[in-house]
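Novice: One-letter residues, chain by chain:
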Amino acid sequence: MADSIKTIGIIGAGKVSIVLAQLAIKAGYNVLIAGSGSAEKIALTVSVLAPGSTALTSAEVATQADLIILAIPLGRYKELPKKELKNKLIIDSMNYWWEIDGDRPDLTGTDVSSSEAVQQFLSESRVVKAFNHVGYHDLHNEARPVGSIDRKGVAIAGDNTEDVEQVAEVVNNLGFDPLLIGPLAEGKKLQPGGAVFGAHVNAETLKQMINSFVIIE
Amino acid sequence: MTDKEIAKIQFGLDSFGDIPVDEDGKLFTHAEAIRQVVKEAVLADELGIDVIALGEHHRPDFSISSPETVLAGIATVTKNIKLASGVTVLSSDDPVRVFERFATVDALSNGRASVILGRGSFTESFPLFGYEMTDYETLFEEKVELFSKLLKEEPVTWEGTMRASLDNADVFPKTESGHLETMIGVGGSPQSVVRAAHYGFPLMLAIIGGSPDRFVPYIDLYQRAAKEFGTTAHPVGMHSPGFIADTDKEARDIAWPAHKANFDRIGKTRGWTPMKRDHFIDEVENGSLYIGSVETVAQKIAKSIKTLKVERFDLVYGGGPMAASARLKMVQLYGEKVIPRVREILAEK
Numbered sequence: 001m002a003d004s005i006k007t008i009g010i011i012g013a014g015k016v017s018i019v020l021a022q023l024a025i026k027a028g029y030n031v032l033i034a035g036s037g038s039a040e041k042i043a044l045t046v047s048v049l050a051p052g053s054t055a056l057t058s059a060e061v062a063t064q065a066d067l068i069i070l071a072i073p074l075g076r077y078k079e080l081p082k083k084e085l086k087n088k089l090i091i092d093s094m095n096y097w098w099e100i101d102g103d104r105p106d107l108t109g110t111d112v113s114s115s116e117a118v119q120q121f122l123s124e125s126r127v128v129k130a131f132n133h134v135g136y137h138d139l140h141n142e143a144r145p146v147g148s149i150d151r152k153g154v155a156i157a158g159d160n161t162e163d164v165e166q167v168a169e170v171v172n173n174l175g176f177d178p179l180l181i182g183p184l185a186e187g188k189k190l191q192p193g194g195a196v197f198g199a200h201v202n203a204e205t206l207k208q209m210i211n212s213f214v215i216i217e
Numbered sequence: 218m219t220d221k222e223i224a225k226i227q228f229g230l231d232s233f234g235d236i237p238v239d240e241d242g243k244l245f246t247h248a249e250a251i252r253q254v255v256k257e258a259v260l261a262d263e264l265g266i267d268v269i270a271l272g273e274h275h276r277p278d279f280s281i282s283s284p285e286t287v288l289a290g291i292a293t294v295t296k297n298i299k300l301a302s303g304v305t306v307l308s309s310d311d312p313v314r315v316f317e318r319f320a321t322v323d324a325l326s327n328g329r330a331s332v333i334l335g336r337g338s339f340t341e342s343f344p345l346f347g348y349e350m351t352d353y354e355t356l357f358e359e360k361v362e363l364f365s366k367l368l369k370e371e372p373v374t375w376e377g378t379m380r381a382s383l384d385n386a387d388v389f390p391k392t393e394s395g396h397l398e399t400m401i402g403v404g405g406s407p408q409s410v411v412r413a414a415h416y417g418f419p420l421m422l423a424i425i426g427g428s429p430d431r432f433v434p435y436i437d438l439y440q441r442a443a444k445e446f447g448t449t450a451h452p453v454g455m456h457s458p459g460f461i462a463d464t465d466k467e468a469r470d471i472a473w474p475a476h477k478a479n480f481d482r483i484g485k486t487r488g489w490t491p492m493k494r495d496h497f498i499d500e501v502e503n504g505s506l507y508i509g510s511v512e513t514v515a516q517k518i519a520k521s522i523k524t525l526k527v528e529r530f531d532l533v534y535g536g537g538p539m540a541a542s543a544r545l546k547m548v549q550l551y552g553e554k555v556i557p558r559v560r561e562i563l564a565e566k
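Protein chains in written order, with our numbering: chain A, 1 to 217; chain B, 218 to 566.
These are computed hints drawn from the structure, not numbers from a lab.
Just to be clear, a hint being listed does not mean it is correct.
[To be verified] One side of the interface only, derived from the structure: several residues of chain B facing chain A at Cβ under 7 Å:
(1) Asn297
(2) Gly405
(3) Ser406
(4) Pro407
(5) Gly427
(6) Ser428
(7) Arg431
(8) Val433
(9) Pro434
(10) Ile436
(11) Gln440
(12) Arg441
(13) Ala442
(14) Gly488
Computed from a prediction, not measured in an experiment: that's the story for all the values here.
Ideal Cβ placement from N, Cα and C applies to all residues, glycine included.
Using the sequences and the hints given, assemble the complete structure.
Specialist: Structure (structure tokens):
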């Protein structure tokens, strides 16, 4: 059994990161956030929008956190602090977005999901895909305590059972019912063009949408 | 709110030049769609609506790619309405030309021009004008800096990496007031909020989904950042989509198919799942769609103005393939009934 997660690090300081930071603080986690540059550059933003969290550099966040959520523009994943992320449990919440990332054949080929590309780059980290299919304002508005009748689901894809279970616990604590959908390669169903991208529905509906989806190659 | 505070609040209409349909459901041409916007702006001016803001897109489903050209047309047939962009995608434009074009609209309109600069949520202008997505941040950062210098209306010396340097360059026409109103449009990126504060620009929030109150901390951030930079924190404005008809049911019945068509068409290119009716209703009831009867929409606008303490509210109207007649009627209801009713509600103790 792995040690329980106390500190969540978030790499990225944009819209998604801020919402996830707010939810993690509310859930009682110690939260660290990094932007693309110095900690100073985002300190004010972080202190106002996610009070209680700490601004650091991405390398510091990677070193100090028990679990790191990636929420930078996907196209820049090769700028992640690979060395510091070694052996770490990672949640990849990123999506390919043409409007931000431009044309990127490495991320849009049909044979590999984008989280697999991230896993290939962070070859010594443990990458799990989660939170990517729900829009940031839906994450903000729809987090609910365990057992709420209108609780929504968040799908999780990952290769290692223990890692996936740890991520499921975090998803649950942040306010969503975790839905395990299988290995990282299955994450394809969660990304743009997939079965549930943009869906904010309960876990049961989420499951049905994923099961009935046929990928058209 | 006091009478003085209420009097300060401005109400606007925003459009991207969506393509309306005629009585038989046939889509307008781009040219007809542009003339429709001019017609709506003229009516808005007659009704005393404060602002018309036109946004820039370069896609088949929106007719306006050059907002200031349409604004110039509107300028010559209106008297009081403020003529704004919403937004001008500065990253893929030239700040000098943007200034020149808006200063020209300002001349034609006797000082009614206003620019809202933004990065835009669509970036099809990048490949169109030969810009790289990888320069997304740098382009905006550099060009905002240059634009803020041009606004002083004195010779500019500037150096950057994304555009030719300027050495004591003077730019014309000058405005008569010496001040071209300029704001920054932000969709929720914290960095953009801080940037607006850094240059002392007023902030216009695009709140297009979810509950508006989540933007309260962003306004706090804007004010605290301005304090830190020693700049002025100006009044903040917001824009959100909506539609008004005689009854809630009629408004929903007209807006739903148009809104869904818009959402799903964009979703196809971005890869999200089609919009469901319950999501739409949830946005109408709890989120950021101002759709309904005069009373429903007025109550919702008043609530947002009070919650966010904004001094300007713009309704993004006519989204999706909607009947031109329904759009025109909506402008009428907004100017004649909704705005006075919002002021009334705000005055209630």
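Novice: It remains to establish, for every hint, whether it holds in the given structure.
Specialist: Going down the list of hints, with the structure as the test:
1. Asn297: At about 35 Å, which exceeds the 7 Å cut-off, the nearest Cβ of chain A leaves the hint on B/Asn297 violated.
2. Gly405: With Cβ-Cβ at 5 Å, under 7 Å, it holds.
3. Ser406: B/Ser406 check passes; min Cβ-Cβ to chain A is 6 Å, inside 7 Å.
4. Pro407: holds (4 Å)
5. Gly427: Holds, about 3 Å.
6. Ser428: holds (6 Å)
7. Arg431: Hint on B/Arg431: holds, closest Cβ of chain A at ~5 Å, below 7 Å.
8. Val433: Status violated, d = 10 Å.
9. Pro434: holds (5 Å)
10. Ile436: Hint violated; B/Ile436 Cβ to chain A Cβ min 10 Å, cut 7 Å.
11. Gln440: Hint violated; B/Gln440 Cβ to chain A Cβ min 9 Å, cut 7 Å.
12. Arg441: The hint holds - B/Arg441 has a Cβ within 7 Å of chain A, the shortest such distance being about 6 Å.
13. Ala442: holds (6 Å)
14. Gly488: Holds. Min distance 3 Å.
Hint compliance for this structure: hints 1, 8, 10 and 11 are not met, and every other hint is.
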